[in-house]
Amino acid sequence: MTALNALTIAEARDGLRRGDFSAREITDACITAIDAADALNAFVTKTPEKALAMADAADARLKAGDAPAMCGVPVGIKDLFCTEGVRAQAASDILRGFKPPYESTVTRRLWDDGAVMLGKLNMDEFAMGSSNETSAYGPVASPWRRRGDNRPLTPGGSSGGSAAAVSADLCLAATGTDTGGSIRQPAAFTGIVGLKPTYGRCSRWGVVAFASSLDQAGPMTKTVRDAAIMLQAIAGEDAKDSTSAPIPVPDFEAALTGDVRGRRIGVPKEYRLDGMPAEIEALWAKGRAMLADAGAEIVDISLPHTKYALPAYYIIAPAEASSNLARYDGVRYGLRAELQPGDDMTDLYERSRAEGFGAEVKRRVMIGAYVLSAGYYDAYYLRAQKVRTLIRRDFEQAFDAGVDAILTPATPSAAFALGEVGGDDPVAMYLNDVFTVTVNLAGLPAISVPAGMNEAGLPLGLQLIGQPWGEAALLNDACALENAAGARPRPGAWW
Amino acid sequence: MLDLAHDEPTPKVYAGLTGDWEVVIGMEVHAQIASKAKLFSGASTEFGRGPNENVSLVDAAMPGMLPVINRFCVEQAVRAGLGLKAKINLRSVFDRKNYFYPDLPQGYQISQFKHPIVGEGEVLVDMAPGVARRVRVERIHMEQDAGKSIHDLDPALSFVDLNRTGVALMEIVSRPDIRGPEEAAEYVRKLRQILRYLGACDGNMQEGSLRADVNVSVCKPGDYERFRETGDFGVLGTRCEIKNMNSMRFIQAAVDFEARRQIAILEDGGKVDQETRLYDPGKGETRSMRSKEEAHDYRYFPDPDLLPLVIEQAWVDAIEASLPELPDDKKARLIAQYGVTEYDAGVLCADRAAADFYETVAHGRDGKQAANWVINELFGRLNKQGLDIGDSPMSAAQLGGMLDLLANGDISGKIAKELFEILWSEGGDPAEIVAARGMRQVTDAGAIEAAVAQVIAENPEKAEQAKAKPSLSGWFVGQVMKATGGKANPQAVQALVKAGLGIDE
Chain A
1 MTALNALTIA
11 EARDGLRRGD
21 FSAREITDAC
31 ITAIDAADAL
41 NAFVTKTPEK
51 ALAMADAADA
61 RLKAGDAPAM
71 CGVPVGIKDL
81 FCTEGVRAQA
91 ASDILRGFKP
101 PYESTVTRRL
111 WDDGAVMLGK
121 LNMDEFAMGS
131 SNETSAYGPV
141 ASPWRRRGDN
151 RPLTPGGSSG
161 GSAAAVSADL
171 CLAATGTDTG
181 GSIRQPAAFT
191 GIVGLKPTYG
201 RCSRWGVVAF
211 ASSLDQAGPM
221 TKTVRDAAIM
231 LQAIAGEDAK
241 DSTSAPIPVP
251 DFEAALTGDV
261 RGRRIGVPKE
271 YRLDGMPAEI
281 EALWAKGRAM
291 LADAGAEIVD
301 ISLPHTKYAL
311 PAYYIIAPAE
321 ASSNLARYDG
331 VRYGLRAELQ
341 PGDDMTDLYE
351 RSRAEGFGAE
361 VKRRVMIGAY
371 VLSAGYYDAY
381 YLRAQKVRTL
391 IRRDFEQAFD
401 AGVDAILTPA
411 TPSAAFALGE
421 VGGDDPVAMY
431 LNDVFTVTVN
441 LAGLPAISVP
451 AGMNEAGLPL
461 GLQLIGQPWG
471 EAALLNDACA
481 LENAAGARPR
491 PGAWW
Chain B
1 MLDLAHDEPT
11 PKVYAGLTGD
21 WEVVIGMEVH
31 AQIASKAKLF
41 SGASTEFGRG
51 PNENVSLVDA
61 AMPGMLPVIN
71 RFCVEQAVRA
81 GLGLKAKINL
91 RSVFDRKNYF
101 YPDLPQGYQI
111 SQFKHPIVGE
121 GEVLVDMAPG
131 VARRVRVERI
141 HMEQDAGKSI
151 HDLDPALSFV
161 DLNRTGVALM
171 EIVSRPDIRG
181 PEEAAEYVRK
191 LRQILRYLGA
201 CDGNMQEGSL
211 RADVNVSVCK
221 PGDYERFRET
231 GDFGVLGTRC
241 EIKNMNSMRF
251 IQAAVDFEAR
261 RQIAILEDGG
271 KVDQETRLYD
281 PGKGETRSMR
291 SKEEAHDYRY
301 FPDPDLLPLV
311 IEQAWVDAIE
321 ASLPELPDDK
331 KARLIAQYGV
341 TEYDAGVLCA
351 DRAAADFYET
361 VAHGRDGKQA
371 ANWVINELFG
381 RLNKQGLDIG
391 DSPMSAAQLG
401 GMLDLLANGD
411 ISGKIAKELF
421 EILWSEGGDP
431 AEIVAARGMR
441 QVTDAGAIEA
451 AVAQVIAENP
461 EKAEQAKAKP
471 SLSGWFVGQV
481 MKATGGKANP
491 QAVQALVKAG
501 LGIDE
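So the sequences go chain by chain: A and B.
Read in UniProt numbering, the first sequence has 359 at position 359, and its numbers run on one by one without any break.
Read in UniProt numbering, the second sequence has 292 at position 292, and its numbers run on one by one without any break.
Please keep in mind that the hints were generated in silico from the structure rather than gathered at the bench.
Computed from a predicted structure; not experimentally measured.
Check each hint, because a few of them may be wrong.
[Stated by the list, open to error] Subject to a maximum C-alpha distance of 30 Å in a straight line, what follows is the list of computed DSS-like cross-link-like pairs (lysine-lysine):
hint, chain 1, residue 1, chain 2, residue 2
1, A, 362, B, 97
2, B, 330, B, 368
3, B, 114, A, 386
With the rest of the complex left out, here is chain B (with noise of 0.2 Å):
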């Protein structure tokens, strides 16, 4: 692995009126399986159709009804475990967690419970150039999604949707390591950025293919190094879940806001319920979702419709040889192959299409100026008008023929800009464009010498001025530039500035 060598971040630290505090933050994030059909009945995945229309027997639970393995659903969530570093587990069981509610049809949810396909591993949290939290996956297991109960459409009656009942989602349980708010969401960024690389989740956190539960509990300072060398939650705070998390603002926002509330009890000489809440961004608060808590024994057994789930090393190790390379190793390869900066390289590994878009105009150019226009002009521009890179209106061999112009000399970095205009807006091959807009460079010593040297005879009084103070030459040379559109070689016009005035270098 070519992990870059990082610290660990400082914990984030809340001052209260008794002393310090720390936050501990864990997670469990539910990830939709990018796949076409559920879990465990071919129904469709397809988003956005009307209500019960992805609805097989099997979703419906209706008498008889038997679930079958998606092995494809399984593939992905190996693709995952290899993605985080994790043990493969070859042997996994689905279990039933059993429970009463209109959108579970079956009357139980069939999940892994004791034993989830892919055991432990890890996420590389990067904070800053040369920071990363190292956060611990305690484990991934498959299990199905359940439907959507609708309350508030009739006074009289519920209503149920089914179309997403038994799609296939994948659980990621981090242990609490995750030490601050911006860690938080720092943490699913990465997550959601590796998935997308593996192609397990798309990651469309809109459409609630990507959801976080986090665990939020405040501790004093030196009580965490404790949790960590003895494994005593004991010694941790009571936690609060803070249910379905859609978005990386408002975990950092509800995580915030949970760490200053849970310490505004305990210092009020109150004690932190242990409770699932519910964050409304609206308020930017957290409350409590039951009024009471609801005691639930779900019960959980082997389900006896699915044979436990065995897979062979020889497939796991096929999988793991079709992986795709992931951003921590696709980062530290661009330093090192490219030459660009820590913060450059996580700025194009963002997401791997711009990766790819990146390393095809670095290709056999200068990787650092690629860099420079692909971030600050390309990805500026898609950012300024919404678009994702497989939107950009400019090819990497565009903008890459616009470098080798530059880099020949053919074009000024002004005229480069002008022309990542025509290419953004009319698209066409660079050098043509160049070639019949007549953007080309000037640097032709003789014409740019008979340039200057008209400016200088046309102002006389300058040119002595300029003599005396040869800081006043940069004005000969915009005069130069303006007399030949822009396109002179601005180096050469400097230097030719310079001599026709008589200014020693």
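Chain A with its partners taken away, still in its complex shape (with noise of 0.2 Å):
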């Protein structure tokens, strides 16, 4: 029998309301795991009282019997969600010790229907970075490594907590959040599923903000099926989120048929970069015949301005985020520099922030500044804006032209070693979000399935972007490739 945390939700669900094992001992499992696996450094902060007691409570619905579909899940949080009594920190020193006193949307609704918290989940400060390197509370370690390699490898990031947690069994599942491809790059550099909902569809209320219009919360898991079912228990309108949609949220799981004869998934030609490795050439043309071969049309497409999408995004987000993060200024929470006799209020501002934002925060809060400025708004900002409603326009008109949905690699490489990219030249690492930005920016639904494995033993993912509000389609292609790409990747454990 599978070990009790490397159960998968449907499983655990399914188990649970038969009664084959208590919440309480999958939870314990994960503990157990948990803390055999400090050398990945994906839980930052540890709740295992709060979880148990949380498992038994959900023993007592299940009980009962009224147990959702979440009901004694374990799960883990991204440290980007705010949670009532427990730190969340957004992996930054700056919020070192803040600890909530209210609880975000998106995990109220786990623990509402039932799920356990097991703690929180390492990962890029303020979701900024795509290794997790950029961390207040240092890498995660990816519990991959390649074929007779020991160096350790990047889970990805910004959720890489989320992605190696989910990836080694210390979950069953995960949050994450999204702003150009955080959910989906970890989730494909270490063989999981990540969806990134439609923007809109999950509240952002309680979530750490990185870059508004673009930030969305979705769920990281072992398999499309347990997407599903997470997405289903965190969507949904919220009163405290004007940007979350007051669109019904439809039963996901229900549309899990795996059935996608007559689909037409199209294939983008501008997601063919020059230098691609070989392996993701291969992976995307496998990705084309496991859909082709279950019954979609393949059609080649063409979204003329993708090209400008990673230089429009790194426009949007870092303006977004130079004054979404202005609130962490040392007056009222987090860390504020110790001040010496006759600093005034500026240098409370500029000890607290210089000495609580990290080398990449700081970065992109510059770049966000410089490209809103006057005299530079028009240049950068504006002219940003306008890609972006051009890249949006490629979307529509593909959808309009029939496509249902769209096929392109989750990312451009396999996992890369820590330390290896993005030293001396940040570019390099932005350039691991190409495949991903542009659907934050058109603000739609997408998800990463791993497909294959590279020489090195590594997994690959590919990416399926939908329809405004087709999760549920989405999914369901998903599963049609996960069903082809077989059982899913499993690290073999070093740690």
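Each chain sits in its own coordinate frame; assemble them with the hints.
Shown next, in the form of structure tokens:
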């Protein structure tokens, strides 16, 4: 029998309802696994006592026959989510020791359904990064290693802790957030499923903001079915978030027939990059073949403004971030620098922010302030917004032309080693987001599905992009891909 | 619209050493929207609470908190726009104005920069009967108020009170159409009056519900007309902004001081620096707010936490249909309906409750007489005692009842004043009081004739004199009034005295 911490959500749900095991037993197994995995540095705050209490409450609900799908399912929560009474630092020193007196809507919905919180997961500071190396807690080590190579690899970012924890079976699932690929890229790097819902599908209330017009929470799970179940729990309009949409939430799991006959899957030529590794090229071809074999129609499409997406993203996201992060000023909560007699208000701001923010966050705040400043606004921010409109229109035109979903690689490469990319060239790191940022700019749903392995034994992911509010159909397309790809890849435990 | 015909007032002219000068004034009025909750959070706006008692997680800018627009506040802004005959923009956008200050927890103020909810409107500023300035309003936008920083309570520490943080304001921006210190004060007075009629702002200037930033520049006669023709601000002088004025009197004094200050600089061959200034009421002067001008770059951009604000024309129409009669219309109507003078109509309409009071009194009665009593007696007394019309110890029905007694001849004007005093201090029904206290005026000719005959009989010498010199008959009238306890109808007494003395009419 599968170890309880290695269960999927669906397996746990069914077993709990049958009484095969208790929520407490699954939770115990996860706590044990977590304690044995400190080398991964995935969990930055562990809440075992809270978890066991929640598990017992879930068991009571299960016994009473009041058991939503997530009831008794132990999950990890990205440190970006505010969790009542439990440290939420966004992996930043500036929020050192911050314990919110409130619970984010997404996590509140999980707990309302009886899910169990195991603790908080590592991430890039303020979700700014693609390798988890910008975290104030230090990087996460991926549970994956290249064959014959012991160098620690990145789990990707920014939801690196979430990806590593799910991949290493420390929890059954985890929350992530995705501003430019932060769910999908780490999911692809660690062989799990990561879904970024349509912008507005999940409430952003209580999620530390990075770039408000791009941020979206989503599930990081072991299977597509689990992504459907977890999305069901966290989705829906929230009166506290004006950008959450008053759109009905369908039964996502019920849509998972695996039947994609007659679906038109677009393959955009602009995603074929110069110098893209052959293994990515091959994976993409394999994905097309798998969907075609399942009865989908593969069509070549063009998304002509794709090449402008990354620059536009790295203007818009930092612009919003520079403003969103202004509240971290040392006045009300989090870190306040020690002041000397005679220091004034400006010193308080400057020292607190200098000490509290890491280099990448500072870089983006400065970029953001620059592109919004008088004299540069039109040339950068306004122009980037125009590009954003064009990118959205590219997708609309493809969908209007009859395309149901779009298939691309999730990442331009497999996972790289910690310290390998971006040390003296931040742009090299930014290039990791090249296939994912378009989706955030257009507000679309997209999912990363593990679809194969490279020669070094590392998982690779394909991305499916859906129509707005079309998560149900998108999940079903992903289901077909998952079925064709076979059993989920599991890392060999080295930790 | 029932705008009364009016002439433009002449601009204020300052005689300088080098010739005449004129002043040009534009205003940004910050009016707190009369809402119980803040603009983007559910926190209370109640005035006078302890420090930081009206603060929500959103106001304190806790991580992950998001603004949600208060529909009631939007409605008030639309009402204000409609009240100023302005264009309502069905789509408006909230922007972030970024700057650091401890009483601005988000590090940005949410405001409307490029796309305000209300476009061009106007305020008719009454200066005298038949004289008014039509001041164009450029826009009204909604924005958050900031909190309060307190730097002088402790030598080493600063304190912050976030109670005001996030309170909804309307910023009403005028064109530079105001042409004198008095006009500036009257503009604010009129704007306040309209907003209070609408209920969109309580207009309480002591509590900071209405504050004005006043932009003042000076120019030579003719320059302003050139500006109006060309729209070129270059032909006007450099302006200074006097911040945060919360009294009409101070606005008038500050503008006057500022105009003279600028003229003195220019006549001295100097140059006016564009700057922000504060008015010191104690010294009666304005002074520069910053020693060195800090160049602020607010990095405005659309707030991504808020969708563009889209409202329906049908909603605007419904709001418009619910608007009360506004001061200009009411004034015109009172003149037409009750025959009151423009001056009296203006006084009666200063406050909606006062006008309502007057109309209740005037209904079915002599409007002019009602206006005299309401303005001269009632308002006079209320003012003397520092009371609002809502606190009046005398109701409109009581005053009306008293006017009925006067009109019927039951009481004389003199008795009416006594009755007014009784109603003011004791209350009661006017007719009952008159009956119970025997205040009814004597109109019975027989009774008066008897009193006249008696007075003449008792004063034969005076009667002879008066027959020779009819102007002396007044003495007899007084005696008869005295004899009847003031209750005799004075006209009747006069006629009967003359008849008794044999004086021809």
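Comparing the hints with the structure gives:
Proposed proximity of residue 362(A) and residue 97(B) is supported: the alpha carbons are some 20 Å apart, at most 30 Å. At roughly 16 Å between alpha-carbon atoms, residue 330(B) and residue 368(B) fall within 30 Å of each other, so this suggested pair holds. A threshold of 30 Å between alpha carbons decides the hint, and for residue 114(B) with residue 386(A) the separation of about 17 Å falls inside it, so the pair holds.
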